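Listed in order, the protein sequences are those of chains A and B.
Positions 0 to 481 (numbering that gives the first Met the number 0) are the ones given, in order, by the first sequence.
Positions 0 to 363 (numbering that gives the first Met the number 0) are the ones given, in order, by the second sequence.
By construction, these hints were calculated from the structure, which means they are not laboratory data.
A portion of the hints provided could be inaccurate.
To be verified - Now the stretches of chain B that chain A is said to cover, found in silico as 3 or more residues with beta-carbon under 8 Å:
#: 1; region: 171 to 178
#: 2; region: 238 to 244
#: 3; region: 297 to 309
What you are looking at is a predicted structure, and each value in this text was computed from that prediction instead of being measured.
By construction, the Cβ of each residue, glycine as well, lies at the ideal position given by its N, Cα and C atoms.
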Amino acid sequence: MIDIPIVRWGEPYESMEKMEVVHFETGETLATMHEANAGLIRMDMRKARLAREKLREFSITELVEMVAEAADYYVDDTLPLGDGEQSPDDFCRMQSATTGLPEHMCRFNMTKNAFVMKHMHDILDALTRGLPYEILSNGYGHEDRGVMVSYQANCNAAGWVLPSNSPGVHTLWLPVIPLQIGLVLKPGPQEPWTPYRMYEAFAKAGIPREAISIYPGGTAKGPELGGAVLETCERSVIFGGTATIERYQGNPRVSAHGPGFSKIFLGDDKVDDWEKYIDLMADSVFVNSGRSCISCSGIWASRHTEEIADALAQRLGPIAPLPMGDPESGLAAFTIPGAAEAMSAQIDDGCTSDAVTEMTAKYRDGDRLITNERCDFLRPTVLHVSDCDDPMANTEYMFPFCSVVECPQDQFLAKSGYTLVGSVLTEDPALSREMLDATSVDRLNIGEVKTIQLNWLQPHEGNIIDFLFRARAFQDAPPPPH
Amino acid sequence: MSDLVTQTAESKAALDAHTVETVQWHFNPETGSPFWLERAGDLGFDPLTEVNSFEDLKKFPLFEDDWLRGGPVRRWVPKGLADKPAYVFETGGTTGIPKSRVVIDDFRIDYEMFSETLPDDAFPQGGNWLMLGPSGPRRLRLAVEHLAQCRGGISFCVDLDPRWVVKLLKKGKTQDAKDYAEHVIDQAMTILEAGHDIKCAFSTPKLLEALALRLIDNGSSIAETGITGIFCGGTEFTPQWYRFAREELLGPDVYITPTYGNTLMGLACGKPFDPADDYKITYYAPQPRAIVEVVDFDDHNQVVDYGGTGRVKLYTLTRELFIPGFLERDEGEREEPHEKYPWDGVSSVRPFHVFAKTTTVGVY
Numbered sequence: 000m001i002d003i004p005i006v007r008w009g010e011p012y013e014s015m016e017k018m019e020v021v022h023f024e025t026g027e028t029l030a031t032m033h034e035a036n037a038g039l040i041r042m043d044m045r046k047a048r049l050a051r052e053k054l055r056e057f058s059i060t061e062l063v064e065m066v067a068e069a070a071d072y073y074v075d076d077t078l079p080l081g082d083g084e085q086s087p088d089d090f091c092r093m094q095s096a097t098t099g100l101p102e103h104m105c106r107f108n109m110t111k112n113a114f115v116m117k118h119m120h121d122i123l124d125a126l127t128r129g130l131p132y133e134i135l136s137n138g139y140g141h142e143d144r145g146v147m148v149s150y151q152a153n154c155n156a157a158g159w160v161l162p163s164n165s166p167g168v169h170t171l172w173l174p175v176i177p178l179q180i181g182l183v184l185k186p187g188p189q190e191p192w193t194p195y196r197m198y199e200a201f202a203k204a205g206i207p208r209e210a211i212s213i214y215p216g217g218t219a220k221g222p223e224l225g226g227a228v229l230e231t232c233e234r235s236v237i238f239g240g241t242a243t244i245e246r247y248q249g250n251p252r253v254s255a256h257g258p259g260f261s262k263i264f265l266g267d268d269k270v271d272d273w274e275k276y277i278d279l280m281a282d283s284v285f286v287n288s289g290r291s292c293i294s295c296s297g298i299w300a301s302r303h304t305e306e307i308a309d310a311l312a313q314r315l316g317p318i319a320p321l322p323m324g325d326p327e328s329g330l331a332a333f334t335i336p337g338a339a340e341a342m343s344a345q346i347d348d349g350c351t352s353d354a355v356t357e358m359t360a361k362y363r364d365g366d367r368l369i370t371n372e373r374c375d376f377l378r379p380t381v382l383h384v385s386d387c388d389d390p391m392a393n394t395e396y397m398f399p400f401c402s403v404v405e406c407p408q409d410q411f412l413a414k415s416g417y418t419l420v421g422s423v424l425t426e427d428p429a430l431s432r433e434m435l436d437a438t439s440v441d442r443l444n445i446g447e448v449k450t451i452q453l454n455w456l457q458p459h460e461g462n463i464i465d466f467l468f469r470a471r472a473f474q475d476a477p478p479p480p481h
Numbered sequence: 000m001s002d003l004v005t006q007t008a009e010s011k012a013a014l015d016a017h018t019v020e021t022v023q024w025h026f027n028p029e030t031g032s033p034f035w036l037e038r039a040g041d042l043g044f045d046p047l048t049e050v051n052s053f054e055d056l057k058k059f060p061l062f063e064d065d066w067l068r069g070g071p072v073r074r075w076v077p078k079g080l081a082d083k084p085a086y087v088f089e090t091g092g093t094t095g096i097p098k099s100r101v102v103i104d105d106f107r108i109d110y111e112m113f114s115e116t117l118p119d120d121a122f123p124q125g126g127n128w129l130m131l132g133p134s135g136p137r138r139l140r141l142a143v144e145h146l147a148q149c150r151g152g153i154s155f156c157v158d159l160d161p162r163w164v165v166k167l168l169k170k171g172k173t174q175d176a177k178d179y180a181e182h183v184i185d186q187a188m189t190i191l192e193a194g195h196d197i198k199c200a201f202s203t204p205k206l207l208e209a210l211a212l213r214l215i216d217n218g219s220s221i222a223e224t225g226i227t228g229i230f231c232g233g234t235e236f237t238p239q240w241y242r243f244a245r246e247e248l249l250g251p252d253v254y255i256t257p258t259y260g261n262t263l264m265g266l267a268c269g270k271p272f273d274p275a276d277d278y279k280i281t282y283y284a285p286q287p288r289a290i291v292e293v294v295d296f297d298d299h300n301q302v303v304d305y306g307g308t309g310r311v312k313l314y315t316l317t318r319e320l321f322i323p324g325f326l327e328r329d330e331g332e333r334e335e336p337h338e339k340y341p342w343d344g345v346s347s348v349r350p351f352h353v354f355a356k357t358t359t360v361g362v363y
């Protein structure tokens, strides 16, 4: 069994408190994980400046190249893990075994992370709008057009309080290291695997270990450790529910990522051709087992909604759980006891409304909720909601779940609330304009783009450059007379 | 080992005798408290004749701490002590009526006994104290102040209202709670910088951590302030925190000892630090005045085997308070007697797993 220590600025640290990481299907203990205490984080963050100094021994260009090199190690190599080692297959198996995500989805997420690593230069170039790296490194410099600009790092180290349920979120912190900023990770209790594997891949590529800290802890430790990261890192990102988002709203030090409520809007000019978009809709709901904040949880249209919901239900309703190692496995398991049951009960409660009809039930052989000894599953669920004011019109669950909502086009924005990814199927200039102006929609796709099809050159829930750096005035000479 | 066996047997005999004496006092119509005298008729047995050993206390129903809420608090004062000046120590009370314990001299006796366990080199006689913990109705300040006084020192106290902190946290006002903690640490820093020659301290783990880090930020340390001995308590005092405190917060020149206690029990002492224990923390109650058992989760009259895990059960047997078995909100492992404390101990105390999800621990 592998014993995985805490990492304190590159130094392994063995805690007096450990937790067992258990395979949810077999009960096998896969690893023992050392648990941090908040004091370690508070103590270590007092040395965060050293992490940044260590990274600044390299240029951003060099670090970008190292990250690209690390992508190969991350995907292909057997890498150290605690007192043992881990092959890529081990990685997928372990990640699947604790998060409930089928192994082929874990492999897909690996590929996604590696893509981001390989294309780090393109991503930074896009997010900085072509800013020469030296300006970020030095804090100031002239752009090609001759204008002096200055960007100051807001922090020596950025903290990430990560979730367990979606290995895809790791793409978001990958730019931190090449930006010469120390990295502090508090992994989700069920998903320590990616941070540790990435840490080893980075180190093999030459990135100094002293730039990274990893503070694992079980569910009971989560609030203590997450709180310490948020308290001590001048910039940090946390993933959570709506309550977490509301708690940190307006706090410039914290970027809170929560439910996406991602949606597809069918314009009146396209909705009569809805059958043409069924693949796009089904993939947006189903891919990655509906677990991402970018997974579609709402399809909004003014008409044909019952037919759309029925077609989606026919497509998704029969899908049933398969073993995690099965390449056809499309449903992720819930490994946290009671979570699936609670969600299913909420949906049943919502379906008591006259405006709500569960469309999948008749295409499913059995109940939505499947309970096993160590895990549960929720089978895909499509609702038809005839009243856009009904609570079920705008909800999200961590499995393939979607409400098809009947709503007049001119009420889309007024009724649909926050939307992380909005895919709008229209060629109507007025609707396009309305969507472009809507601040309630974060990522906007106008055209045939699935909600899950992200272009990494675009910012996600805010631009990480704007979060980690501050544009400010800098002069090294008096201004021209005026 | 045979010495320890003998010592353990002797302490058991002393406990039996003390139990009988305490029950006789509390159920004697001339000396007992109105609360227990009133209950005596409903017990279904006669405590005066049928309690002849500690084990006989298991004839009593479990003590319910809710009985301690509200007045009149005089019902708890034994008639034999009715003319003595009394204090009220409160616990809980963030919302609703707190639990009250009426105390006359118990806190002095408890802390004098505790004082005898403290090493003089770390807690020098005559040394002044910093009391960095909850004040107000919890009255812990009184106890720590008496400890300082009985060791010839003076205690400097910082105000701290844990009920306010709990309210802030429940409202999600973490920044306000942090500001309040900063305010508390500011006061402690003022005391430490004012030339009071502080040598000893009581603190909670959270506040000690905050104080140590503030000193580190100022280029100083707990050791540099002159503090050589600290006692610190609570379920947050875990083995990992113990190690972190010794290795990183305090350094080799500051002695820290864990304690476990509450308003009902007084103070259980930590087994002296032994590297072989790997930072395992074992507590021993101040027997025979208070007794801690580790009992089966489903049968509170059944003590678990040594090394076994169970719920912490508490008994208080003083002239001022009689608690014949109360289930604490904690669990732990049963430990063998120690030569310094020849009776059962409890290690790895942590919130009872059933309550752990809903309990806010260590707010200050």
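Of all the hints given earlier, name the ones this structure violates by number, lowest first. As far as the earlier hints go, only 3 is violated by this structure.
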